[in-house]
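As given, the protein sequences belong to chains A and B, one line each in that order.
At position 89 of the first sequence (counting the first as 1) the number is 88 in numbering that gives the first Met the number 0, and the numbers step up by one without a gap.
At position 57 of the second sequence (counting the first as 1) the number is 56 in numbering that gives the first Met the number 0, and the numbers step up by one without a gap.
These are computed hints drawn from the structure, not numbers from a lab.
Check before you lean on any hint, since a few could be wrong.
One side only, chain B facing chain A, incomplete, derived with CB under 7 Å [what the hints assert, rightly or not]:
#1 Pro276
#2 Ala321
#3 Arg325
#4 Ser329
#5 Pro331
#6 Ser332
The calculated lysine to aspartate or glutamate pairs, modelled on EDC-like cross-linking and capped at a C-alpha distance of 20 Å, are [what the hints assert, rightly or not]:
#7 Lys403/B to Glu334/B
#8 Lys424/B to Asp456/B
#9 Lys229/A to Asp271/B
#10 Lys404/B to Asp294/A
#11 Lys287/B to Glu269/B
#12 Lys424/B to Asp452/B
#13 Lys281/B to Asp225/A
Yeah, the Cβ is synthetic: ideal placement off N, Cα and C, and Gly gets one too.
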Amino acid sequence: MSRLFPVNFPPFRLVLVAAVAVCASANSAFAAEAGTQTLGFVIRDWFTSVYNSKFLDECPEGLATSNDELWWRGLSKEARAKATNNGLLQQLTRMPVAMRRGPNGENVCLNPTSVVDPPMRVIEGKYSFGANLDGESEGDATAKSCAHDNFVHPDGTPGVDNQLYRLVGCVYGWRKGGLPDLNAHEGRGTSGLGMTLIEITGVTDPRNSDNVTITFYRSVDQFAFDGTGKPLPYSSYNIDMENGQPRYSDTLKGAIKDGVLTTERGDVRLPFYGNYHFMHPVIKDMGLRMEISPDGATASGQITGYYNMDAFLHYVGGMVGHTSTADDCPAMYVAAHELADGYPDPETGQCTHLSSAFDVKAYAAFVIHPDKQTASADQR
Amino acid sequence: MRKSIFHMIAAVAAAISLSACDGPREPEATGGPPAMRRLSNDQYRNIIADVFGPQITVAGQADSLKRSEGMLAVGAQTAEITPSGFEKFYGMAKSIAAQVVSESNRAVTFPCEPKDAVGADDACARTFFAGAGRLLYRRPLAQDELTLAVETARRAAESSGDFYRGVAVSLANMLVAPQFLFITDEVEPDPAAAGLVRLTGFAKAARLSFFLWNTTPDDALLRAAESGDLHTQKGVSAQVERMMASHRLEAGVRAFFEDFLHFEQFETLEKDTIIYPAFTVKVVEDSKEQLLRTVVSLLLDRKQDYREIFTTRDTFVTGSLARVYRVPTSRPSGEAWVPYRFPDNDPRAGIITQIGFAAVASHPGRSSPTLRGRAIRENLLCQKVPDPPGDVDFSLFESADALKKTARERLTIHRTAPACAGCHKITDPIGLGLENLDGLGQLRTTENEAVIDPSGDLDGVEFSNAADLGKALHDNPAATSCVVGRLASYALGRSSNEERNYVQYLEESFASDGYRFPDLMRRIATGDALFAVTPAPTQLVSAQSSTPEMERSP
Numbered sequence: 000m001s002r003l004f005p006v007n008f009p010p011f012r013l014v015l016v017a018a019v020a021v022c023a024s025a026n027s028a029f030a031a032e033a034g035t036q037t038l039g040f041v042i043r044d045w046f047t048s049v050y051n052s053k054f055l056d057e058c059p060e061g062l063a064t065s066n067d068e069l070w071w072r073g074l075s076k077e078a079r080a081k082a083t084n085n086g087l088l089q090q091l092t093r094m095p096v097a098m099r100r101g102p103n104g105e106n107v108c109l110n111p112t113s114v115v116d117p118p119m120r121v122i123e124g125k126y127s128f129g130a131n132l133d134g135e136s137e138g139d140a141t142a143k144s145c146a147h148d149n150f151v152h153p154d155g156t157p158g159v160d161n162q163l164y165r166l167v168g169c170v171y172g173w174r175k176g177g178l179p180d181l182n183a184h185e186g187r188g189t190s191g192l193g194m195t196l197i198e199i200t201g202v203t204d205p206r207n208s209d210n211v212t213i214t215f216y217r218s219v220d221q222f223a224f225d226g227t228g229k230p231l232p233y234s235s236y237n238i239d240m241e242n243g244q245p246r247y248s249d250t251l252k253g254a255i256k257d258g259v260l261t262t263e264r265g266d267v268r269l270p271f272y273g274n275y276h277f278m279h280p281v282i283k284d285m286g287l288r289m290e291i292s293p294d295g296a297t298a299s300g301q302i303t304g305y306y307n308m309d310a311f312l313h314y315v316g317g318m319v320g321h322t323s324t325a326d327d328c329p330a331m332y333v334a335a336h337e338l339a340d341g342y343p344d345p346e347t348g349q350c351t352h353l354s355s356a357f358d359v360k361a362y363a364a365f366v367i368h369p370d371k372q373t374a375s376a377d378q379r
Numbered sequence: 000m001r002k003s004i005f006h007m008i009a010a011v012a013a014a015i016s017l018s019a020c021d022g023p024r025e026p027e028a029t030g031g032p033p034a035m036r037r038l039s040n041d042q043y044r045n046i047i048a049d050v051f052g053p054q055i056t057v058a059g060q061a062d063s064l065k066r067s068e069g070m071l072a073v074g075a076q077t078a079e080i081t082p083s084g085f086e087k088f089y090g091m092a093k094s095i096a097a098q099v100v101s102e103s104n105r106a107v108t109f110p111c112e113p114k115d116a117v118g119a120d121d122a123c124a125r126t127f128f129a130g131a132g133r134l135l136y137r138r139p140l141a142q143d144e145l146t147l148a149v150e151t152a153r154r155a156a157e158s159s160g161d162f163y164r165g166v167a168v169s170l171a172n173m174l175v176a177p178q179f180l181f182i183t184d185e186v187e188p189d190p191a192a193a194g195l196v197r198l199t200g201f202a203k204a205a206r207l208s209f210f211l212w213n214t215t216p217d218d219a220l221l222r223a224a225e226s227g228d229l230h231t232q233k234g235v236s237a238q239v240e241r242m243m244a245s246h247r248l249e250a251g252v253r254a255f256f257e258d259f260l261h262f263e264q265f266e267t268l269e270k271d272t273i274i275y276p277a278f279t280v281k282v283v284e285d286s287k288e289q290l291l292r293t294v295v296s297l298l299l300d301r302k303q304d305y306r307e308i309f310t311t312r313d314t315f316v317t318g319s320l321a322r323v324y325r326v327p328t329s330r331p332s333g334e335a336w337v338p339y340r341f342p343d344n345d346p347r348a349g350i351i352t353q354i355g356f357a358a359v360a361s362h363p364g365r366s367s368p369t370l371r372g373r374a375i376r377e378n379l380l381c382q383k384v385p386d387p388p389g390d391v392d393f394s395l396f397e398s399a400d401a402l403k404k405t406a407r408e409r410l411t412i413h414r415t416a417p418a419c420a421g422c423h424k425i426t427d428p429i430g431l432g433l434e435n436l437d438g439l440g441q442l443r444t445t446e447n448e449a450v451i452d453p454s455g456d457l458d459g460v461e462f463s464n465a466a467d468l469g470k471a472l473h474d475n476p477a478a479t480s481c482v483v484g485r486l487a488s489y490a491l492g493r494s495s496n497e498e499r500n501y502v503q504y505l506e507e508s509f510a511s512d513g514y515r516f517p518d519l520m521r522r523i524a525t526g527d528a529l530f531a532v533t534p535a536p537t538q539l540v541s542a543q544s545s546t547p548e549m550e551r552s553p
């Protein structure tokens, strides 16, 4: 007969020993160093933070012109009939054709410099979510930033840097509820890809801890959802390992005050998956501010930092569905280079990063360290 | 040196021998009347898998057995097959027979090949039915039974032009025959006691097999029955030891605990997923399996004290269960089971804190100290809790009162209203000990923002939380006498309530064996009571007919 336990039945020792704290507070905390706990979260929601006014005030000339529209405008009546099989092919199906409007039939999203499009309409409004990344409130250049207009946070805080919002905020698909983020969100939910784990160690009190360490890992375990499609909190996620080490494990220092986690800034490489793209951008000067719910089951907040411009353009260029999102890749390419405000290239002076902000929501999770657990799974 | 070792061994052997002699002695067996017991769904499935292979799918379910004296196994002896119940059996039988004769299974299920597959072949059919029938009927087929099976197969083969179809028709008939569907206590004259009867060797084999393995006797057991070995203590002991060493013993232990723990309640387990988002069908299935894995690991694999089922912190979880318990697991998805040990300071310990108990004995949207207390009393302590009176005024405790935040406050009326107090005083103080577990079995410290007080008492023993309640159960003598009585009933197929001396002997044996469950099974399997039968009714009539009283009867 098979034995369910090893002979000496070693205790199921995980780095997360959550149940200890669960008894007391139903938090996903666990005994770590003496007198401290560890909290774990998995990020479910990751949406580009955009400020949409009720009457589109931030885009006074209207939304940006789409690639499809430009292509359509450039066609003669005969060419339109030919391209659409005499009108039978509708938008989505003619999309691949629309993108091939380069002078030699190039895909203009993969070759954004092959054509010169009219300038892209970008955000002209005053307000934006985000943070002051360069410490400068007037928009002047600093050692790590190019001159740019600053926003005011809706709460009145000046000096907000968010050039990614300025770039995409007038593009139909990138506004709140738009397709690129939503499709990426759905893809992460069902694939187990792009799973970011947040582990907070050194917690003396889940609501108030002066000195905690926040580590960002990747998991390849999928979400477990409830019947309404929300992730079930307190699920376990194994850290993705490579040669015995976590594949992603950048850390930041931070503190929890009245249930709000705020990190210091630092460069963090995060896993990203969306719209059939894998990316692992390093977000420079990244900071996380996250409000943990009183029961510890969820946390919501914002990630801010400098996003690599080339990585973003690569993501947009390779995305399918431009007809639905109304991107115009050549115009966006030009605008991105004009708006990039972070980390100037030492030789050219061209800034290489876009200040950015992302709204995140995370669920309490057990972050499992496969290298430190001793229990063996019984697979009988 | 060699001599001293020899002396030491001899002394140990003598001590063991003496100890055995000093142990409890089985009282003279009372026995019960010969009975017929309908196969349970699990037994039916196990037999089909054992006889024809696990590749045969049993599609459908027979009518559920009715619980009697706390056990379905006892209710099985009064089970009847209704016309609609027969249709279910016949549907299952036809499906099984079709699979058995299917081309893909013949190599496994048939011991011979017909000379001509487009017609009848009595020789091959006879070989098939003699072999399969022996296992299905749990004895060799009588000559007329075998002849009927072969003739039926022949007629059907001739009319269909297909040997295998003929066999399928006859096999389907066999699978709905009473000889298969009912485990029958066949008796024969007892050569050691003139005028009395004993179980036949095959009937004894069936008792042993269904008790220890929950399936039909295997070939070795049937051969022991044929040879008369099962009429000797030595022969029985040899077979019992063989069976207890088999991996199949786990199936027997599982079957008993499924009955003992009222697993049929899982069939109707529902939860409001708005309140309990983590509840899924998989949680239901896994929570059943968790209870069984916990019990099997503790009692069978590690041979621990039975009472530890109320205190053990060792269990197994899947990802689905881990999410409900809010504990980590290295295998969050899929079907994998991972050992898990609740920490020492966790109020969860023992099977009463598992989802399979706490959620089942709850309402769909909230916990129920009353249901939990009743389940502990009735299922684990074998104490009858009266049903509520028909004229109970439910408005007394169903009125919405925002001030009453916890179940303890809400149930105060239970314990104070005279019409309720009589029963609720014996259930609620126990069930309140599990209030740190919500209606799904998830840990909580508050209810409606009020701190839960999980203290209580069990028969005068005070406890402070669920784990403490488990300790109180561990030490409660009713817990061990309950499982002993129920296991005896399960093995005998009738209530053991009337056989107090026998049960008392088993209780004492259980204690002297350190409450090791397999030892208790062995005591029952090798004891006289398992096979004891009282004279058949016809014998009673004939014996009493000579008495003056009977003669005076009209």
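Tested hints:
1. Pro276: holds (3 Å)
2. Ala321: With a closest approach of 6 Å, the Ala321/B hint holds.
3. Arg325: Holds, about 4 Å.
4. Ser329: OK, holds: Ser329/B within 7 Å of chain A, min 5 Å.
5. Pro331: This hint holds: Pro331/B lies near chain A, its Cβ roughly 4 Å from the closest one there, short of 7 Å.
6. Ser332: It holds, given that the least Cβ distance between Ser332/B and chain A is near 6 Å, below 7 Å.
7. Lys403/B to Glu334/B: Status violated; Cα separation ~41 Å.
8. Lys424/B to Asp456/B: This hinted pair holds, its Cα atoms lying about 10 Å apart.
9. Lys229/A to Asp271/B: Distance of about 16 Å is within 20 Å: holds.
10. Lys404/B to Asp294/A: holds (18 Å)
11. Lys287/B to Glu269/B: holds (14 Å)
12. Lys424/B to Asp452/B: holds (17 Å)
13. Lys281/B to Asp225/A: Holds, at roughly 12 Å.
Violation of the numbered hints given earlier is confined to hint 7; every other hint is satisfied by the structure.
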